[in-house]
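Asker: Below are the chains, spelled out letter by letter.
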Amino acid sequence: MKQILHIALRELNTFFDSLTAYVLILIFLGFSGFFTWIYGADIFFVGQANLNTFFTVAYWSLFIFIPVLTMKSIAGELKAGTLELLLTKPVSDWHLILGKFLSTFFLIGIALAPTVIYYFTLWAIGPVDHSAILLGYIGLLLMSMVYISIGILTSCIASNPIIASLSALCIGIFFHIIFDVLASNFVGFLGSLFSYLSLSTHFDSISRGVIDTKDLIYFFSIAFFCLFCSKTILSNRNL
Amino acid sequence: MDIVVEHLTKRYGPQKAVDNVSFRVKAGEVLGFLGPNGAGKTTTMKAIACYIKPEQGDILVGGYSIHEHPEMIKKNIGYLPENNPLYQEMNIIDFLEFVAKIHNVPKYLIPERILDMVRTCGLEGEKHKLIGELSKGYQQRVGLAQALIHDPEILILDEPTTGLDPNQIVEIRELIKRIGKEKTVILSSHILAEVEATCDRILIINNGRIVVDGTAEELRKQAAGNEILRIGIQGGEANDIFDLLFQIDTIETIDFLDVDNNLFEVQSKPDSSSVKAIFETCVKNDFYISELTPTETKLEDIFRELTLH
Chain A
297 MKQILHIALR ELNTFFDSLT AYVLILIFLG FSGFFTWIYG ADIFFVGQAN LNTFFTVAYW
357 SLFIFIPVLT MKSIAGELKA GTLELLLTKP VSDWHLILGK FLSTFFLIGI ALAPTVIYYF
417 TLWAIGPVDH SAILLGYIGL LLMSMVYISI GILTSCIASN PIIASLSALC IGIFFHIIFD
477 VLASNFVGFL GSLFSYLSLS THFDSISRGV IDTKDLIYFF SIAFFCLFCS KTILSNRNL
Chain B
40 MDIVVEHLTK RYGPQKAVDN VSFRVKAGEV LGFLGPNGAG KTTTMKAIAC YIKPEQGDIL
100 VGGYSIHEHP EMIKKNIGYL PENNPLYQEM NIIDFLEFVA KIHNVPKYLI PERILDMVRT
160 CGLEGEKHKL IGELSKGYQQ RVGLAQALIH DPEILILDEP TTGLDPNQIV EIRELIKRIG
220 KEKTVILSSH ILAEVEATCD RILIINNGRI VVDGTAEELR KQAAGNEILR IGIQGGEAND
280 IFDLLFQIDT IETIDFLDVD NNLFEVQSKP DSSSVKAIFE TCVKNDFYIS ELTPTETKLE
340 DIFRELTLH
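The listed protein sequences correspond, in order, to chains A and B.
Under the working numbering, the first sequence is numbered contiguously, ending at residue 535.
Under the working numbering, the second sequence is numbered contiguously, ending at residue 348.
I should point out that these hints are in silico values taken from the structure, not numbers from a laboratory.
All of these numbers come straight from a predicted model, not from anything done at the bench.
In this text, a Cβ means the ideal position worked out from N, Cα and C, and glycines have one as well.
This list has only true hints and no planted wrong ones.
Here are the computed lysine-lysine pairs in the DSSO-like style, where the Cα-Cα straight-line distance is at most 30 Å: (1) A:Lys375 x B:Lys175; (2) A:Lys375 x B:Lys166; (3) B:Lys114 x A:Lys298; (4) B:Lys92 x A:Lys527; (5) B:Lys168 x B:Lys216; (6) A:Lys298 x B:Lys168; (7) B:Lys140 x A:Lys375; (8) A:Lys298 x B:Lys166; (9) B:Lys168 x B:Lys140; (10) B:Lys146 x A:Lys298; (11) B:Lys114 x B:Lys146.
Pulled from the structure, derived: some chain B residues nowhere near chain A, Cβ distances all over 10 Å: (12) Ser104; (13) Asp155; (14) Glu165; (15) Glu192; (16) Asn206; (17) Glu213; (18) Lys220; (19) Arg240; (20) Ala255; (21) Asp288; (22) Glu291; (23) Thr292; (24) Ile293; (25) Ser311.
Construct the complete structure from the given sequences, taking the supplied hints into account.
Answerer: Shown next as structure tokens:
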């Protein structure tokens, strides 16, 4: 267990040392702040004291940022040869995969943390639905979890980080939009299947303030499936 | 801890990188792994370090099998991979701390171990630099330091002296010798002199198979066989001396090396020495010996002979 944490923290430090983390946090806060408070259909137009505008912006920007963060997780180690260094220490394949997963998850958490100020600002302005906002954040974290796992899986498959990141985006776009579009074009079994597969269905229901085990099972099963595949691919390496 | 390799076979596609290799390394022994490029040295070492799984065969390290208890083996092994991969963007101290933590070195011991390693590996002047800023020689030292930080019972070094300057090579050899007194060490190289200087035992591997297993002495004996002398005799005509030498029973062949200076190369028959007989012949004929050098077969020649086929 400790190994997972050591790997995660080292990776997190690397994010900060290489400035990736600062750039990401800066862009993320800039984007979400701009669209939430200043531009277009911002928070003052909604007519309700909720953070749905912010959650929509975050929903999209995280979708694009995460593949960039995960692309080097395994592919980079393999390229630099440090995978050999790590896996000949008392580190199992699961330790490595989960460590990589946690590091990106922590980074997303750190990027989201300053936006809590939005919540307090809103609280000062009007009556806030506290549980809806809390669940909105949980929804964002659950969504990040899914995209991080997909990113790690593609990073295990592709040896080139760019290909890893693009293919993670490709897979992600199915969950993000395409299944949703398909769901609205089909009826019956296919329609409900695509609707269940679409990530936005589950994200919307959580950020509306309703938490259902069905949604939780959805997020955790995709994440587990991707991480399990990553582990299997890593174990079957023939280097 | 003993290492027992049993019938190890590893394929990459149709090609067998290692083919039914078996050997044994006793605790406290320094084993040199020799072979041309692509002979299977690195593959064998990776298998012992639990990085790759062989198709057939087993490796037991201190009684634990790589198939069943890789975790136990990894704990006791310090491994320096080929090409020495390191996290270039980390500084030396942070990196060593990370490796120590991964190895579950107790927290209160970590600073002490890091200092110890920095001193042992001669990194004092560079310790706050990023690894990417170091020269190759210093990076190699960091590689050694990370392999040694948890004080392992077994050390596996894949070409530890590549890219080092001659002074550094000597230093690293000294270091390996010092470590080898207490620990089991396996090191690979394609430089014979290095293996001869540091190892108790030599294993030559070619095309995935073990060709030779023994000490440097045994190797020489096995390949050299006949005594070869380089001899200079003065005080007579070269042809007369040649004829007289040829009458000695134990001499098999005589070659002229330099006719003007009466230099010959004399090869004796198997398991016999001609030195005494040559001396007596010289005394009898009033010759005097200006030069007498036994020629050793070089390990390089043995190596070439064994691995060229």
